[in-house]
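**Student:** Sequence:
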Amino acid sequence: MASPPQSPPSGVASVAVIGAGISGVCSAAYALREGLSVTVFDRSNIAGGVWHYDERKAEEPSYPNEKPSEGDYRLSRPGELRYPTPPPGDQDTSKTSTPPSDTDRIRFSPPGPCYAGLMNNVPTRLMSSNLGAWPEGTPDFTSQSNLEAYVQQLAHDTGVNAVTRFGTRVDGVTKSPDGSRWHVRAVRLDETTGALTDEDWTFDAVVVATGHYNMPRVPDIPGLAAWKAAFPDRVTHSKRYRSPDAYTDKNLFIIGGGVSSVDICRELDGKANKVYQSTRLGKYDLPTILLPANAERVAGVARFELDETSTAGPNDHLPGRIVLTDGRVIDDIDNVVLGTGYITSYPFLQDLHSDTAPQEEAGDRLLVTREGDMTHNLHRDIWYIEDPTLAFVGAPYHVSTFSLFSFQAQAVARVLAGKARLPPKDERRRQYRERVADRGLGRDFHSLRAHGAEVEYLDSLNSWLDADAKELGHAPIEGISEAWRAGYWEFKEAMKNRLGVEL
Numbered sequence: 001m002a003s004p005p006q007s008p009p010s011g012v013a014s015v016a017v018i019g020a021g022i023s024g025v026c027s028a029a030y031a032l033r034e035g036l037s038v039t040v041f042d043r044s045n046i047a048g049g050v051w052h053y054d055e056r057k058a059e060e061p062s063y064p065n066e067k068p069s070e071g072d073y074r075l076s077r078p079g080e081l082r083y084p085t086p087p088p089g090d091q092d093t094s095k096t097s098t099p100p101s102d103t104d105r106i107r108f109s110p111p112g113p114c115y116a117g118l119m120n121n122v123p124t125r126l127m128s129s130n131l132g133a134w135p136e137g138t139p140d141f142t143s144q145s146n147l148e149a150y151v152q153q154l155a156h157d158t159g160v161n162a163v164t165r166f167g168t169r170v171d172g173v174t175k176s177p178d179g180s181r182w183h184v185r186a187v188r189l190d191e192t193t194g195a196l197t198d199e200d201w202t203f204d205a206v207v208v209a210t211g212h213y214n215m216p217r218v219p220d221i222p223g224l225a226a227w228k229a230a231f232p233d234r235v236t237h238s239k240r241y242r243s244p245d246a247y248t249d250k251n252l253f254i255i256g257g258g259v260s261s262v263d264i265c266r267e268l269d270g271k272a273n274k275v276y277q278s279t280r281l282g283k284y285d286l287p288t289i290l291l292p293a294n295a296e297r298v299a300g301v302a303r304f305e306l307d308e309t310s311t312a313g314p315n316d317h318l319p320g321r322i323v324l325t326d327g328r329v330i331d332d333i334d335n336v337v338l339g340t341g342y343i344t345s346y347p348f349l350q351d352l353h354s355d356t357a358p359q360e361e362a363g364d365r366l367l368v369t370r371e372g373d374m375t376h377n378l379h380r381d382i383w384y385i386e387d388p389t390l391a392f393v394g395a396p397y398h399v400s401t402f403s404l405f406s407f408q409a410q411a412v413a414r415v416l417a418g419k420a421r422l423p424p425k426d427e428r429r430r431q432y433r434e435r436v437a438d439r440g441l442g443r444d445f446h447s448l449r450a451h452g453a454e455v456e457y458l459d460s461l462n463s464w465l466d467a468d469a470k471e472l473g474h475a476p477i478e479g480i481s482e483a484w485r486a487g488y489w490e491f492k493e494a495m496k497n498r499l500g501v502e503l
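In terms of the working numbering, the sequence shown has 237 at position 237, counting the first letter as 1, and numbering is strictly consecutive.
Some hints here could point you the wrong way.
[As the list claims (entries may be wrong)] Simulated restraints on C-beta separations:
1. 233 <-> 502: 36 to 42 Å
2. 299 <-> 233: 47 to 53 Å
3. 60 <-> 387: 33 to 39 Å
4. 371 <-> 60: 20 to 26 Å
5. 495 <-> 74: 40 to 46 Å
6. 431 <-> 232: 44 to 50 Å
7. 328 <-> 202: 56 to 62 Å
8. 183 <-> 220: 32 to 38 Å
Quick caveat, the hints were computed from the structure, so don't treat them as lab data. Just so it is clear, CB atoms sit at the ideal spot from N, CA and C, and this is done for glycine as well.
Generate coordinates for the entire structure from the input sequences, incorporating the hints supplied.
**Tutor:** What follows is the structure, given as structure tokens:
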């Protein structure tokens, strides 16, 4: 006998949204439309998320990377920042009246991976929210500045900016002892005094919309850490890439075969002397037809060897060799860039991380295990199965980002407002386990690259939300249009014909 639908979370009136990129803006906007009290937290000073360009760079990650729970910033401890100004009775402001330095700002809110020449790789006509249309005449492929402006316009037009606490970082999210509410501990950077202020908030629900591109993945390749230590300015992660100009007439070795790696290779066309793109022939490596004439795809790296008896001037090749897995040796490298992706990390949810448990031991509670490859225990890639008042918008990838995340945001708002019902926990768990058995654990779990997978996901959300809306007496959602659907298949077919693979 099937279990009846679960009633929506009772008493949900207030919602915290963490992140003001496209996922966060859509989540907040739809929650506001449902009459919920919304507070958005974003550590930067502007909406836009990954599309916001900042010429400054995040500090270098560790080589190899830290554990997933570490994130890309140092968490403050509860109570550590109790006094934003001198304690009562202490009027000496000399230590709290200095504006923050750039280093302070970068450590508080590390800049993202957006580089000056970044463009979308999915057409804008497929990459939009029902919250607002693109400006008339926007091309299918456009600059990051236009993409950022679109997100910021949505934030302005929907009232999201008005409920956003910019310059405020979330350092802790925990459930109250009685399980009734979420406690959010935020830290605010005062641009006048440079002080960091603890803020304590309580909410009925929390939406995590922090994106994929925060904590760099730095592989533990033999010898890589020694190269980084010896030549720190010439070995870097793609998160810190900003412009091809730094590599003019250089020989570059870039690790990874995904979007970031290929984009950088293409930017270096006509700039760099030679580019070696090293891959392990992964499932999602992009085809070599996308590489420019000065780029060559080579095998994966077996080890980096450093000649410690030699020194290198700024115009010399690095004194060492890169030994590939096929035995080839490359010894004419000037710079190394790691296009090795990012780790799944929610440092503010420490209780739901384990840096020791493998993914097979995530159990029913953990969100992130030691691999940092996926977010475990989500129903429909959105709701934390154990407690659906914690939701995630933006987990899927290989998707039409803005469009899909906007629909996820609608679904979250509908559930929180009582206009859609989740199945009981045992049914959510059954569906999740069935999906794990079908897809396996790891990075592939959230991918919707397979033929028709994204449309199937959207149609499934749409059908469920509309069925509940009809039964409960509410208006249906605005689903994907026939124009979007036709454009989606047209784009997929064009890419398959051009590249020989389905993207």
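**Student:** So, for every hint listed, does it hold in this structure?
**Tutor:** Quick rundown of the hints versus the structure:
Against the hinted window of 36 to 42 Å, the Cβ-Cβ separation of residue 233 and residue 502 comes to about 39 Å, which satisfies the hint. Range check, residue 299 to residue 233: about 27 Å between beta-carbon atoms, so the 47 to 53 Å window is missed. For residue 60 paired with residue 387, a C-beta distance near 36 Å keeps the hint of 33 to 39 Å intact. One distance hint, 20 to 26 Å for the beta-carbon pair residue 371 and residue 60, holds here, with the actual separation near 22 Å.
Hint check: residue 495 to residue 74, Cβ distance near 41 Å, so the stated range 40 to 46 Å holds. Restraint check, residue 431 to residue 232: a C-beta distance of roughly 47 Å satisfies the suggested window 44 to 50 Å. The hint said 56 to 62 Å for the Cβ distance between residue 328 and residue 202, and at roughly 58 Å that hint holds. Between residue 183 and residue 220 the beta carbons are some 36 Å apart, a value that agrees with the proposed interval 32 to 38 Å.
In summary, the structure is inconsistent with hint 2 from the numbered list given earlier, while agreeing with all the others.
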